[in-house]
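So the protein sequences, as listed, match chains A and B.
Letter by letter, the first sequence follows residues 904 to 1094 of the working numbering.
Letter by letter, the second sequence follows residues 36 to 443 of the working numbering.
Careful, some of the hints might be misleading.
So the derived label-pair ranges between C-beta atoms look like this [stated by the list, open to error]: (1) A:974 to B:226: 55 to 65 Å; (2) A:1036 to B:253: 51 to 61 Å; (3) B:278 to A:947: 27 to 37 Å; (4) B:213 to A:1044: 40 to 50 Å; (5) A:1001 to B:91: 50 to 60 Å; (6) B:92 to A:917: 53 to 63 Å; (7) A:1055 to B:374: 44 to 54 Å.
Simulated from the structure, these hints should not be mistaken for laboratory data.
Glycine included, C-beta positions come from ideal geometry on N, C-alpha and C.
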Amino acid sequence: MSLTNETIKERLKAKFGDQLTNFEEPYGLLTFEAPKDLNLKVMQFLFDDEELRFQFLTDLTAVHYPGLAGRELAVVYHLHNLKDNIRLRFKVFTPVAQPDVFTATQLYSSANWMERETYDFFGINFVGHPNLKRILNVDEMTYFPMRKEFPLEDQTRIDKDDAMFGRGSGGGAEAASHEIKAGQGADEAKG
Amino acid sequence: MSVEQHIKLPEGSIEKTTTTLNLGPTHPATHGVFQNILELDGERIVSAEQTVGYIHRAFEKLAERRPLYQITTLTDRLNYCSSPINNMGWHLTCEKLLGVKTPKRVDYLRVIIMELSRISDHLICNSVVGVDSGAFTGFLYVMQYRELIYEIYEEVCGSRLTTNMGRIGGFERNFTSAAWEKIEKFMAEYPAVLKEFENLFTRNRIFMERTIGAGPISADRALNYGFTGPNLRAAGVDYDVRVHSPYSSYEDFEFDIPVGSTGDCYDRFLVRNGEMWQSLRIIEQAYRKIQEFKGAEADVYHADAPAYYLPEKKDVYTKMEALIWHFKIVMGETEIPPGEVYQSVEGGNGEVGFYLISDGGRTPYRLHFRRPCFIYYQAYSELTKGSMLSDAIITMSSLNLIAGEMDA
């Protein structure tokens, strides 16, 4: 329990200097950013260091930020030191035009499928991965569906009859209002 | 005299010394939609290649268009043998992001529900291991107690399998007296049943010979493969999220973490059985703690989080504030504060994690589920290499692979 976020930060700073940036602690979890060429070096250091021993890869995923020019895709690693029970998160950013990031499979066998999943959904090319092919989607898919340019169905569109779902407009709403009028007519006739 | 051959065999099929066997996608022994392409040398497995994704439903993408409370229904469908744990995990994630502090009674109610789900999850897994090794009795025998657990769910939230239980901040309603009666019945009757279940299996010669040494994994490999939960503990690593990163007031409870040593099917079975006993202990403690609440505290079942917790219907009809909140919540018009949060809970299969990024909109910017099944299933080919085909089947059920969790 001796290991604290401060110690980890100092050790990393001592080793990598100013190359690691954006140190934060949202909800107590140490978070930082590494240049994408260094991701493996950082992980190797965190894995091997006598004191740090981040030898458990909890999670690996990606996030797409289309607004950040030149660093659209972020690969996010969650590591865990089980002995001292402390977690950290670090990110590498990569341009969407050339999304090459080194693979972590040599360090963590668990990274294999997590990287395949990340490739499948975001198109991150994990350099050195032994079997980088789609895992959850069909092999014939030609795009990377979790990127932001593939929105789910747009709820503001007006060319669909959604009247029965309470958000109709255009043709749907008209049809619905006809029904209401007809209903009112019937009531009047009764009255 | 040469024999004329009329059947054209595929190129190279005579020279091939191994048999390719497609196990799945819909094989009755796989308990879910998995495909395994096995290379067999006689009955020994030379290599196995897993194919997953048959029931992928794009939950992470769907979640990007849903307000927080509508995502609970997606989490139901991850590990559907213990959906309440996923539901609670999701609520805890939201509460962490929103800074909602839940009262102790809510935490304890959640603990009861989560431990009941753990029991039902382990019960199914262990009894199915029995079925796959030829012992059907245990499976039928314990089913009525899973049924009782599902009846408790019904009393608490109205549904059984995909529960959508609880809300951000607590439960949608207090536990009814019928729910408490069923929980008491469970606490009173289940220990004898579990004991009898253990008598059927634990020292059963046939069962032991079928499971000991089947699909073993060392602690090092298990950690490297990202194992968590009972499968990791069976390999001898005492990592449990409930202890290492306590949530929902688990620090108030006293319980042991059963561990194995060899990480084979038998150890996994024993660890799950041990955990069921510990879950019973936790439920009993939680039940006693809840009895101790007096006065107004004894009826608390949700936190004070008006922006996210639906107000009572009678307030909606009579109070302006409540009506506004009701409208905003139902229409999904509540802005989520920006932030980035990772929250994990100890699910039936291991660490179920939720990585939620909010950019201040009404829906998550990104939500990622850490699904323990998906991560440890990749070890399957290493676990089964060189073993018999029937061991591969039993290894698969003892890993407790749930297709819904794997494919998200």
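Results of checking the hints against the structure:
no.	hint	result
1	A:974 to B:226: 55 to 65 Å	holds, 57 Å
2	A:1036 to B:253: 51 to 61 Å	violated, 28 Å
3	B:278 to A:947: 27 to 37 Å	holds, 29 Å
4	B:213 to A:1044: 40 to 50 Å	holds, 49 Å
5	A:1001 to B:91: 50 to 60 Å	violated, 27 Å
6	B:92 to A:917: 53 to 63 Å	violated, 46 Å
7	A:1055 to B:374: 44 to 54 Å	violated, 23 Å
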